[in-house]
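Given only the sequences and the hints, what does the whole structure look like? Please build it.
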Amino acid sequence: GQQLNQSPQSMFIQEGEDVSMNCTSSSIFNTWLWYKQEPGEGPVLLIALYKAGELTSNGRLTAQFGITRKDSFLNISASIPSDVGIYFCAGPPLSGTYKYIFGTGTRLKVLA
Amino acid sequence: DTGVSQDPRHKITKRGQNVTFRCDPISEHNRLYWYRQTLGQGPEFLTYFQNEAQLEKSRLLSDRFSAERPKGSFSTLEIQRTEQGDSAMYLCASIGGFGANVLTFGAGSRLTVL
Chain A
1 GQQLNQSPQS MFIQEGEDVS MNCTSSSIFN TWLWYKQEPG EGPVLLIALY KAGELTSNGR
61 LTAQFGITRK DSFLNISASI PSDVGIYFCA GPPLSGTYKY IFGTGTRLKV LA
Chain B
113 DTGVSQDPRH KITKRGQNVT FRCDPISEHN RLYWYRQTLG QGPEFLTYFQ NEAQLEKSRL
173 LSDRFSAERP KGSFSTLEIQ RTEQGDSAMY LCASIGGFGA NVLTFGAGSR LTVL
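First to last, the protein sequences are chains A and B. Note that the numbering used here has the first sequence beginning at 1, numbered continuously upward. Note that the numbering used here has the second sequence beginning at 113, numbered continuously upward.
Hints were generated in silico from the structure; no laboratory data involved. We put the beta carbon where it would ideally sit given N, CA and C, even for glycine. Careful, some of the hints might be misleading.
Claimed, not checked - Here chain A is said to cover these stretches of chain B; the calculated rule only asks that three of the stretch's residues, wherever they fall, bring their Cβ under 8 Å from a Cβ of chain A: (1) 153–160; (2) 180–188.
Stated by the list, open to error - Computed list of lysine-lysine pairs in DSS-like fashion (alpha-carbon distance at most 25 Å, straight line): (3) Lys99(A) x Lys51(A); (4) Lys36(A) x Lys99(A); (5) Lys169(B) x Lys123(B); (6) Lys51(A) x Lys70(A); (7) Lys169(B) x Lys183(B); (8) Lys109(A) x Lys36(A); (9) Lys36(A) x Lys123(B); (10) Lys99(A) x Lys169(B); (11) Lys126(B) x Lys99(A).
What the hints assert, rightly or not - Restraint ranges, calculated between C-beta atoms of paired labels, are given here: (12) Ser117(B) x Gln14(A): 34 to 40 Å; (13) Glu168(B) x Arg60(A): 32 to 38 Å; (14) Gly16(A) x Asn163(B): 47 to 53 Å; (15) Tyr98(A) x Gln196(B): 29 to 35 Å; (16) Asp18(A) x Asn142(B): 36 to 42 Å; (17) Ser139(B) x Ala78(A): 35 to 41 Å; (18) Gln153(B) x Ser27(A): 17 to 23 Å; (19) Asp119(B) x Gln9(A): 30 to 36 Å.
Structure follows, in structure tokens:
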């Protein structure tokens, strides 16, 4: 199935470090969503973006809607052990359907 | 509002058996989605409903899979003659309300086919 490309695929970081990840697509999106998923659970929404260039924060998390509308970025500042999980970007391509597609995920591991 | 509920959370079955999963969306949400997620992958779209109408189906949804949402409320996903490749987490999500575009997910139903 169609998926968005996320990088990096995985990362190990030290507690307290900042983290950056991105999501790219060949299609234009009018909404970008960022989710976090922990083992055995469904994805939980972190941030929603609705406009090109938009920068939105949720606590230590900041996400941006790329100006080209084909990418998005998520930053986590001062990471803590509970940030461990898999982060997914998602959205409906601007193609007239309500089909939401998901990225391949970035697996984050935080070393205390 | 208790969120999106899925049942069962875990199902172990033998190859060739039929299984059915149920999803109860958030009550005022009119769109309901099914996704499949295998280990190490992102959720893959299977199908979605607007009220009781099934509006789009992925090519991943073979003829052994069928989904229904008979009264526009809960939905069921049935897999007939299960195969080992069907082992995955099946996720349900819903969206609703004017201008809403955020998927809210359930905890998922994990299927293991022996």
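Evaluation of the provided hints:
| no. | hint | in the structure |
| --- | --- | --- |
| 1 | 153–160 | holds (count 6) |
| 2 | 180–188 | violated (count 0) |
| 3 | Lys99(A) x Lys51(A) | 19 Å, holds |
| 4 | Lys36(A) x Lys99(A) | 20 Å, holds |
| 5 | Lys169(B) x Lys123(B) | 24 Å, holds |
| 6 | Lys51(A) x Lys70(A) | 12 Å, holds |
| 7 | Lys169(B) x Lys183(B) | 19 Å, holds |
| 8 | Lys109(A) x Lys36(A) | 13 Å, holds |
| 9 | Lys36(A) x Lys123(B) | 24 Å, holds |
| 10 | Lys99(A) x Lys169(B) | 9 Å, holds |
| 11 | Lys126(B) x Lys99(A) | 32 Å, violated |
| 12 | Ser117(B) x Gln14(A): 34 to 40 Å | 38 Å, holds |
| 13 | Glu168(B) x Arg60(A): 32 to 38 Å | 36 Å, holds |
| 14 | Gly16(A) x Asn163(B): 47 to 53 Å | 48 Å, holds |
| 15 | Tyr98(A) x Gln196(B): 29 to 35 Å | 32 Å, holds |
| 16 | Asp18(A) x Asn142(B): 36 to 42 Å | 40 Å, holds |
| 17 | Ser139(B) x Ala78(A): 35 to 41 Å | 38 Å, holds |
| 18 | Gln153(B) x Ser27(A): 17 to 23 Å | 19 Å, holds |
| 19 | Asp119(B) x Gln9(A): 30 to 36 Å | 33 Å, holds |
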